[in-house]
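Number of protein chains: 2
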Amino acid sequence: MEWEFREICIFGLGLIGGSFALNLKLKGYPGRITAVDIDPSAIEKGIEMELVDGGSIKPSLVESADLVVIATPVGVYEKVIEGFKPYLSEGTVVTDLGSVKGSLVYRCEELLSGKAPFVGGHPIAGTEKSGVENAVENLFDGAKFIVTPTERTDRVALERVKGLWKRLGSEVIEMDPFHHDRVFAAVSHLPHVVAYSIVDAISNLSLSLGTDLFKFTGGGFRDFTRIAMSDPVMWRDICIENRENILSSLREFKRSIERMEELIKTADGEGLKEFFEKTREKRRVIEK
Amino acid sequence: MEWEFREICIFGLGLIGGSFALNLKLKGYPGRITAVDIDPSAIEKGIEMELVDGGSIKPSLVESADLVVIATPVGVYEKVIEGFKPYLSEGTVVTDLGSVKGSLVYRCEELLSGKAPFVGGHPIAGTEKSGVENAVENLFDGAKFIVTPTERTDRVALERVKGLWKRLGSEVIEMDPFHHDRVFAAVSHLPHVVAYSIVDAISNLSLSLGTDLFKFTGGGFRDFTRIAMSDPVMWRDICIENRENILSSLREFKRSIERMEELIKTADGEGLKEFFEKTREKRRVIEK
Numbered sequence: 001m002e003w004e005f006r007e008i009c010i011f012g013l014g015l016i017g018g019s020f021a022l023n024l025k026l027k028g029y030p031g032r033i034t035a036v037d038i039d040p041s042a043i044e045k046g047i048e049m050e051l052v053d054g055g056s057i058k059p060s061l062v063e064s065a066d067l068v069v070i071a072t073p074v075g076v077y078e079k080v081i082e083g084f085k086p087y088l089s090e091g092t093v094v095t096d097l098g099s100v101k102g103s104l105v106y107r108c109e110e111l112l113s114g115k116a117p118f119v120g121g122h123p124i125a126g127t128e129k130s131g132v133e134n135a136v137e138n139l140f141d142g143a144k145f146i147v148t149p150t151e152r153t154d155r156v157a158l159e160r161v162k163g164l165w166k167r168l169g170s171e172v173i174e175m176d177p178f179h180h181d182r183v184f185a186a187v188s189h190l191p192h193v194v195a196y197s198i199v200d201a202i203s204n205l206s207l208s209l210g211t212d213l214f215k216f217t218g219g220g221f222r223d224f225t226r227i228a229m230s231d232p233v234m235w236r237d238i239c240i241e242n243r244e245n246i247l248s249s250l251r252e253f254k255r256s257i258e259r260m261e262e263l264i265k266t267a268d269g270e271g272l273k274e275f276f277e278k279t280r281e282k283r284r285v286i287e288k
Numbered sequence: 001m002e003w004e005f006r007e008i009c010i011f012g013l014g015l016i017g018g019s020f021a022l023n024l025k026l027k028g029y030p031g032r033i034t035a036v037d038i039d040p041s042a043i044e045k046g047i048e049m050e051l052v053d054g055g056s057i058k059p060s061l062v063e064s065a066d067l068v069v070i071a072t073p074v075g076v077y078e079k080v081i082e083g084f085k086p087y088l089s090e091g092t093v094v095t096d097l098g099s100v101k102g103s104l105v106y107r108c109e110e111l112l113s114g115k116a117p118f119v120g121g122h123p124i125a126g127t128e129k130s131g132v133e134n135a136v137e138n139l140f141d142g143a144k145f146i147v148t149p150t151e152r153t154d155r156v157a158l159e160r161v162k163g164l165w166k167r168l169g170s171e172v173i174e175m176d177p178f179h180h181d182r183v184f185a186a187v188s189h190l191p192h193v194v195a196y197s198i199v200d201a202i203s204n205l206s207l208s209l210g211t212d213l214f215k216f217t218g219g220g221f222r223d224f225t226r227i228a229m230s231d232p233v234m235w236r237d238i239c240i241e242n243r244e245n246i247l248s249s250l251r252e253f254k255r256s257i258e259r260m261e262e263l264i265k266t267a268d269g270e271g272l273k274e275f276f277e278k279t280r281e282k283r284r285v286i287e288k
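Line by line, the protein sequences give chains V and X.
So in my numbering the end of the first sequence lands on 288, straight run, no missing numbers.
So in my numbering the end of the second sequence lands on 288, straight run, no missing numbers.
If you are wondering where the hints come from, they were derived from the structure by calculation, not from laboratory data.
It is possible that part of the hints are untrue.
Heads up, the list lumps identical chains together, so a pair's fine if it works in one copy or across two of them.
[Claimed, not checked] Only pairs whose alpha carbons sit at most 16 angstroms apart, straight line, appear in this in silico EDC-like list of lysine to aspartate or glutamate: (1) K129 / E287; (2) K129 / D223; (3) K129 / E281; (4) K215 / E171; (5) K282 / E171; (6) K254 / E78; (7) K129 / D268; (8) K273 / E262; (9) K215 / E174; (10) K215 / E281; (11) K282 / D223.
Using the sequences provided together with the hints, build the complete structure.
Structure below.
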């Protein structure tokens, strides 16, 4: 199998953009990889780490690329596209690595209409860390990669992007962009919002109890709240862009919390045991 | 430093009781270790694994011990004490490894009054697994061990129990039993209740979206919900025994969730970023 694309230009060289470049190199991608970032030090680090072959703070770098990969926070996608659009060469494909799809995919398509095909993508991988310096080897190996084609998506571009991700070792899954946002509001965005909230609650309880509660946390709490160290700008943008679905997941979560509260309030031993047994079984299914 | 106690009898040979025995052996405890459990197969496993030197389903085994360690779910403490109390020899100390202290410590003291001194204890260690077969090496090394003396606690017994835990490598901290329950309602019981609830919510959302959402969870979700695999009976008992403090932690948590909801609903980018930045800093403090 040949590698798709001669030159890949990544917009936003952070943890995900950097890991994408790193793993292309590790898998033997023979083409050129460049990056555009508003922060020149990210570009410098990427070059120093030999993740990218070149980079710039200017979007005109895109001219020689035949694949553009947007890896910025989702809140600036439209600005980023407006920036590089005038420099796109004919035949160049644009894709992304963001956590929100839905109407954003349609807006990107619309913006690029007549200039380049857009293929929405989302690798189900990441860490709570940020920055190109934290790029992770084998991050996408065995992970799911969701592509979200619409009725307007160019099928050739779609297959080429899928091919690239298969070469990176990912399991590629097609999903409707709006369904994607409901699914990831539940399994990813809700847990992040809850993790940040519980850290906030512990911090407030520290004040009211007059005890630094963080001193008494154990390994379970560290695991439980690790995702609350994720990038604030990335999560701000996800929360705004996918707010309807996140709010609806939060409503369902609050129902579960209230059921729990009721069982505790009434000291319902049978009900509590059943609730814990049922959820433990569900959680066990995904244990490796 | 001499080892305290000649013969230790553990009531409840599960993950914590078994790990206690295992680590006594690993640290070279020269005395005898026995166990009482209502489940004869737990005793058999403990003997086979060479964690204990003997065991029984009968509480009369306690006769030759000079330390009794209660490691059952907190809901059966009083029944367990009633069971072994007639067989206690003079000078025997009773302690425990449970996650709830508060009034339970006073009830244990009262029950043992005139028979044996009671020292409430709580090792801040554990895993989401259950059963003696999952006993963990070095579980208490470097971990905190909370002792919760009252005005009635025998000071000699207290010092002997503290000495034992120091030999196991734990950092021993004294805390008022009621303060203990407020602290651990926040940093341990609340996260468990929330983890079980989020798994329940994801399961309910799977039904309403017609998609098995657990298929799309990543490593972050696995870390986040690992504690939802903890023992249902243990957690049922904790939720009932410490319900007032857990309900009050839940109220604080719901306030944080509602603040988050409001920021998302109003698409308050500045507020969201600030919330995430603030909580990330707080969480980072406890990262190893």
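Results of checking the hints against the structure:
When the C-alpha separation of K129 and E287 is checked against a cutoff of 16 angstroms, the pair qualifies only between copies, where the shortest distance is 12 angstroms, while the shortest distance within a copy is 23 angstroms. Within a single copy, K129 and D223 get their C-alpha atoms as close as 14 angstroms, and across copies as close as 15 angstroms, so both meet the 16 angstroms cut-off. For the homomeric pair K129 and E281, the shortest alpha-carbon distance between copies (13 angstroms) is at most 16 angstroms, but the shortest distance inside one copy (30 angstroms) is not. Within a single copy, K215 and E171 get their C-alpha atoms only as close as 41 angstroms, which misses the 16 angstroms cut-off; across copies the closest is 12 angstroms, which meets it.
Proximity of K282 to E171 under the C-alpha cut-off of 16 angstroms is found in neither arrangement, the shortest distances being 23 angstroms within a copy and 36 angstroms between copies. In this homomeric assembly, K254 and E78 never come within 16 angstroms of each other (Cα to Cα): the closest approach is 34 angstroms inside a single copy and 35 angstroms across copies. Taking the closest pair of Cα atoms, K129 and D268 never come within 16 angstroms of each other, the shortest separation being 41 angstroms inside a single copy and 24 angstroms across copies. For the homomeric pair K273 and E262, the shortest alpha-carbon distance inside one copy (13 angstroms) is at most 16 angstroms, but the shortest distance between copies (33 angstroms) is not.
Taking identical chains as interchangeable, the C-alpha atoms of K215 and E174 lie at most 16 angstroms apart only when they sit on different chains, with a minimum of 14 angstroms there against 45 angstroms within one chain. In this homomeric assembly, K215 and E281 come within 16 angstroms of each other (Cα to Cα) only across copies, at 15 angstroms, whereas the closest approach inside a single copy is 31 angstroms. Within a single copy, K282 and D223 get their C-alpha atoms only as close as 19 angstroms, which misses the 16 angstroms cut-off; across copies the closest is 15 angstroms, which meets it.
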